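S.K.: Next come the chains, spelled out residue by residue.
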Amino acid sequence: KQEVTQIPAALSVPEGENLVLNCSFTDSAIYNLQWFRQDPGKGLTSLLLIQSSQREQTSGRLNASLDKSSGRSTLYIAASQPGDSATYLCATGSSGGYQKVTFGTGTKLQVIP
Amino acid sequence: NAGVTQTPKFQVLKTGQSMTLQCAQDMNHEYMSWYRQDPGMGLRLIHYSVGAGITDQGEVPNGYNVSRSTTEDFPLRLLSAAPSQTSVYFCASKDRGTGELFFGEGSRLTVL
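Chains as they are written, first to last, in our numbering: chain R, 1 to 113; chain U, 114 to 225.
Think of the hints as simulated: they come from the structure by calculation, not from any bench. One thing to keep in mind: the hints can contain errors.
Pulled from the structure, derived: some chain U residues nowhere near chain R, Cβ distances all over 10 Å [as the list claims (entries may be wrong)]:
| id | residue |
| --- | --- |
| 1 | N175 |
| 2 | D186 |
| 3 | V224 |
For lysine to aspartate or glutamate, the following DMTMM-like pairs were computed, each having C-alpha atoms within a straight-line distance of at most 25 Å [said to hold, decoys possible]:
| id | chain 1 | residue 1 | chain 2 | residue 2 |
| --- | --- | --- | --- | --- |
| 4 | R | K1 | U | E218 |
| 5 | R | K42 | R | D27 |
| 6 | U | K122 | U | D151 |
| 7 | R | K108 | U | E213 |
Source: prediction; values computed, not measured. Cβ atoms here follow ideal geometry from the backbone N, Cα and C, with glycine treated the same way.
Bound conformation, chain R alone:
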C-alpha cells in the first residue's frame, strides 16, 4: 500500500526566502506525482504534474523534481511571497486501472511579510 509523507507539517519563512517542500512515498511504481495548493476553505489547485518518466517540471517560481528510485519529490519555491501562504499537498498516481491516487497530509506554509 502506498504511503505518502510530507515533512514538516508546518513551515514559517520570511518573505523573499527560497524554500523547499518535501514529499516522500513508499512505492516507486508510480504513474505520476502531482503538487497541489489549498487555500483555507477552498478546493485544491493543481500546481505541477510530473509524469513517471520525467525528472522535473517548472512553472514560474515553482519547480518540482521527482526521484522515483529514492521515493522523493521536492517542490522548490523561489523568492517566496505572502501570497504563497497555503497548504501544499503532494499526491502519487498509481499505474494501471483507475490510477489510484494517494495524498500526503500536506505542509502548511506561512510566508511572513
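Dock chain U against the given chain R, drawing on the hints supplied.
M.R.: What follows is chain U alone, placed relative to chain R:
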C-alpha cells in the same frame, strides 16, 4: 471553461435527512471521484467512476451512494445523514491520459 463545479457550497442537515451533492465537469473526463477531507485524516476516497454507467467504492463508501448516467455528472447521495458525515466533500475529475486531477471548490456539510 468552468472545470469542475460542485453544489451546494454549504449545507446543514439534521440526522436522518437525505441529500445529494451535485458535481459536473465540462472537460469530457471519463474518470470522476468523490473525496472527503477531515482534520488530521487527509483526503479519503469515497466513490469513483471510470465512465458513464461504471462506479466503484473507495476507502470510505459506507453511507454514500453514487451513479453516473452521463459523462458530465457524478452526484453523491447521502441517504440518511449521520453526524460522522460532517465534513468537506470534494469532487474531482481526472484526465485519463496524463492522470492530472482537477478539483471542485468543495461542499461543506454539517450534520446536527
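S.K.: Confirm or reject the statement that U:V224 sits farther than 10 Å, beta carbon to beta carbon, from all of chain R.
M.R.: For U:V224, whose nearest Cβ neighbour in chain R is about 19 Å away, the distance exceeds 10 Å, so it holds.
S.K.: For the pair supplied as a hint, R:K1 and U:E218, is the alpha-carbon distance within the 25 Å limit?
M.R.: Given pair R:K1, U:E218 is violated - Cα atoms ~28 Å apart, limit 25 Å.
S.K.: Hint check: U:K122 vs U:D151, CA-CA at most 25 Å. Holds or violated?
M.R.: OK: U:K122 and U:D151 at ~16 Å, within 25 Å.
S.K.: Looking at U:D186 again, its CB stays over 10 Å from all of chain R?
M.R.: 18 Å, holds
S.K.: Closest CB-CB distance from U:N175 to chain R, is it above 10 Å?
M.R.: Per Cβ check, U:N175 is outside 10 Å of chain R; nearest 19 Å; holds.
S.K.: Would you mind confirming whether the straight-line C-alpha gap from R:K108 to U:E213 stays at or under 25 Å?
M.R.: Distance of about 22 Å is within 25 Å: holds.
S.K.: Between the alpha carbons of R:K42 and R:D27, is the straight-line distance 25 Å or under?
M.R.: Distance of about 29 Å is beyond 25 Å: violated.
The earlier numbered hints that this structure contradicts are 4, 5.
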